[in-house]
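S.K.: Spelled out, the chains give:
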Amino acid sequence: MTRIVLGLFAAFLLALPFVAGDFYVNLASQILIAIIFALSLNLLVGFGGMTSLGHASFLGVAAYIAALVTTRWGFGHGAAALISIVGTTLTAALFGLIALRATGLGFLMITLALSQVLWGLAYRMSFITNGDNGISGITRPMPFGLSIEGAFAFYWFALGVAVIAFALMTVFVSSAFGSSLKGVRDQPRRMAALGFNPWLIRWITFIYAGFWSGVAGLLYVYYNKYIHPTSLSITSSAEGLLGVIAGGSGTRGGPIVGATLVMLLKNYASAYVERWNMLLGLVFLFIVLVMPTGIVPGVRSLAARIRGDAR
Amino acid sequence: MQFWIIQGLNSLSLGGLLFLLASGFSLIFGLMRLANLTHGAFFMLGAYLGATALRAIDGLNLWVAALGSGLVVAALGGVFERLVLTRLKTNPLGQVLVTLGMSFIIADACLVLWGGDPIPVPTPSALQSPTGVFGYAFPTYRLVLVGCSIAVAIGLYLLLERTRVGAMIRAGVDDRQMARAVGIPVSTLFTAVFCLGAGIAGAGGVLGGPILSAYPGLDADMLPLALIVVILGGVGSLLGAFIGSFIIGFIYTFGTALLPEFAYIILFLPMILVIAFRPQGLFGRVGA
Chain A
1 MTRIVLGLFA
11 AFLLALPFVA
21 GDFYVNLASQ
31 ILIAIIFALS
41 LNLLVGFGGM
51 TSLGHASFLG
61 VAAYIAALVT
71 TRWGFGHGAA
81 ALISIVGTTL
91 TAALFGLIAL
101 RATGLGFLMI
111 TLALSQVLWG
121 LAYRMSFITN
131 GDNGISGITR
141 PMPFGLSIEG
151 AFAFYWFALG
161 VAVIAFALMT
171 VFVSSAFGSS
181 LKGVRDQPRR
191 MAALGFNPWL
201 IRWITFIYAG
211 FWSGVAGLLY
221 VYYNKYIHPT
231 SLSITSSAEG
241 LLGVIAGGSG
251 TRGGPIVGAT
261 LVMLLKNYAS
271 AYVERWNMLL
281 GLVFLFIVLV
291 MPTGIVPGVR
301 SLAARIRGDA
311 R
Chain B
1001 MQFWIIQGLN
1011 SLSLGGLLFL
1021 LASGFSLIFG
1031 LMRLANLTHG
1041 AFFMLGAYLG
1051 ATALRAIDGL
1061 NLWVAALGSG
1071 LVVAALGGVF
1081 ERLVLTRLKT
1091 NPLGQVLVTL
1101 GMSFIIADAC
1111 LVLWGGDPIP
1121 VPTPSALQSP
1131 TGVFGYAFPT
1141 YRLVLVGCSI
1151 AVAIGLYLLL
1161 ERTRVGAMIR
1171 AGVDDRQMAR
1181 AVGIPVSTLF
1191 TAVFCLGAGI
1201 AGAGGVLGGP
1211 ILSAYPGLDA
1221 DMLPLALIVV
1231 ILGGVGSLLG
1241 AFIGSFIIGF
1251 IYTFGTALLP
1261 EFAYIILFLP
1271 MILVIAFRPQ
1281 GLFGRVGA
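Protein chains in written order, with my numbering: chain A, 1 to 311; chain B, 1001 to 1288.
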């Protein structure tokens, strides 16, 4: 049953460009980018118990580095992508060193503060970042000589990256290391007593999540061909966090459902209501109060109950 | 010499302003273990309410406006705490999300109500003439602001450490179940703490108004400042919030004057340095 559903879903994803117009294909590309971002944040929030409110930092850093080295310093796309990913991963390693001095709400506040530093830099250091004007004129690369300029080609490219990201992150959390991460989330003292190093486990996860957020950032800048400080802002991090929590943190499918929902809401709502931020806030309130564990676990327990009753 | 004295006084007044902002956050976080991310929005809402009241009512005193705004914001905070936050006592992630959501709602509502242009808050006429400090003219209002923050600090200290209510609150913090068992209305007291913290933010917004004015984005500018002050000073320590405010005040003022492009990074350096060597903050208790 599940296999058939998944197969149909995969077929739908692959065939989407043949049945939908440019608008929906582009929307789907944006959703895929948001999904990669939410999946990476879920490694921290759901599996690591580390609530970060600054995860958009890594998306923004990756996008800014790629934009700067291609438009300003004339690097090719391959080199730029490499520099961007390495730079983002190093930034994550550094931020992890600082933020993981604390846990819980302290961690949240430090990640928020650090992301505000980057946001401030992007805004104020206009001699490098162009400040509020953002950086435009970014081109899309030609991976393996294939053009991804068109909406369809870009969608398939993003889909490929998203599938790889999902697979590798799933491997990460289902590995022995992933089990130790969950152990550190639930019982840090016992894990330490058993000889694990909770700090190191958290740090490695933080770096890995930063890496995937950087991948999402690269796709983001290729898609938009433009980068603005807003993508580093609290709102941007909060949208990601909302996606994770709404879908169900700590589940594999949750971030996919949640990020899709947030992006659909954002795109449809912004077409009809001007007040996206207010709507976002109301959705936060609603979801936390009505479905504290998220949509995926909620639906799962509902389905289990229905099945139980039928028996 | 003039540069150092004037900037030093500016630092003091910024420190005072930051304490008015951060003390309420520290109070709520320290006592209720609740990271209230709506705090910046409460500050901004207070500033708008005060600015509007001062415009609408002729001859209204700034202090009365601050008190009124503080009370309105405190009431709003109380309703929010009662209706929403009490349901999420055991869900810190939920608390983070709803307080963040509430701040988005307030910020957007302010944008609808007051538009995108900054609304200035006039300096009280009695305080408009400058005061001479070491032979230099300095805005009197800024000095008064430092006095306000000291008064708030002393008031909060006396309330928490020297009154019966303060003792009951501390008992509720240390052992909720036991406090409840001996008849202390813990959840009512915590609502009162939340109202107090929100009210100080609302009043602080008005008092900061003559320097900052009310503008969209004030909330997002102020919340990180409250966070770094509290992280630097130590979570839940009133003294830490006080000292932290003035440290940040000095560093930010001199950073802006000497290295304007990097002021924003300089602002966060002390926090990062302190965390590296003392994760609990300057005056934070270990394990708090």
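Some hints could be false.
Stated by the list, open to error - Okay, the calculated beta carbon distance ranges per label pair: (1) M125/A - F1134/B: 54 to 64 Å; (2) P1122/B - F127/A: 28 to 38 Å; (3) P1118/B - F144/A: 44 to 54 Å.
Worth flagging that the hints you see were computed from the coordinates, not collected in a lab. All residues carry an ideal CB built from backbone N, CA and C; glycine is no exception.
S.K.: Taking the hints in turn, state whether each one holds.
M.R.: Now for the hints, and whether the structure bears them out:
1. M125/A - F1134/B: 54 to 64 Å: 36 Å, violated
2. P1122/B - F127/A: 28 to 38 Å: Hint holds: Cβ distance 36 Å, inside 28 to 38 Å.
3. P1118/B - F144/A: 44 to 54 Å: The hinted range 44 to 54 Å holds for P1118/B and F144/A, with Cβ atoms some 52 Å apart.
When held up to the earlier numbered hints, the structure conflicts with hint 1 and nothing else.
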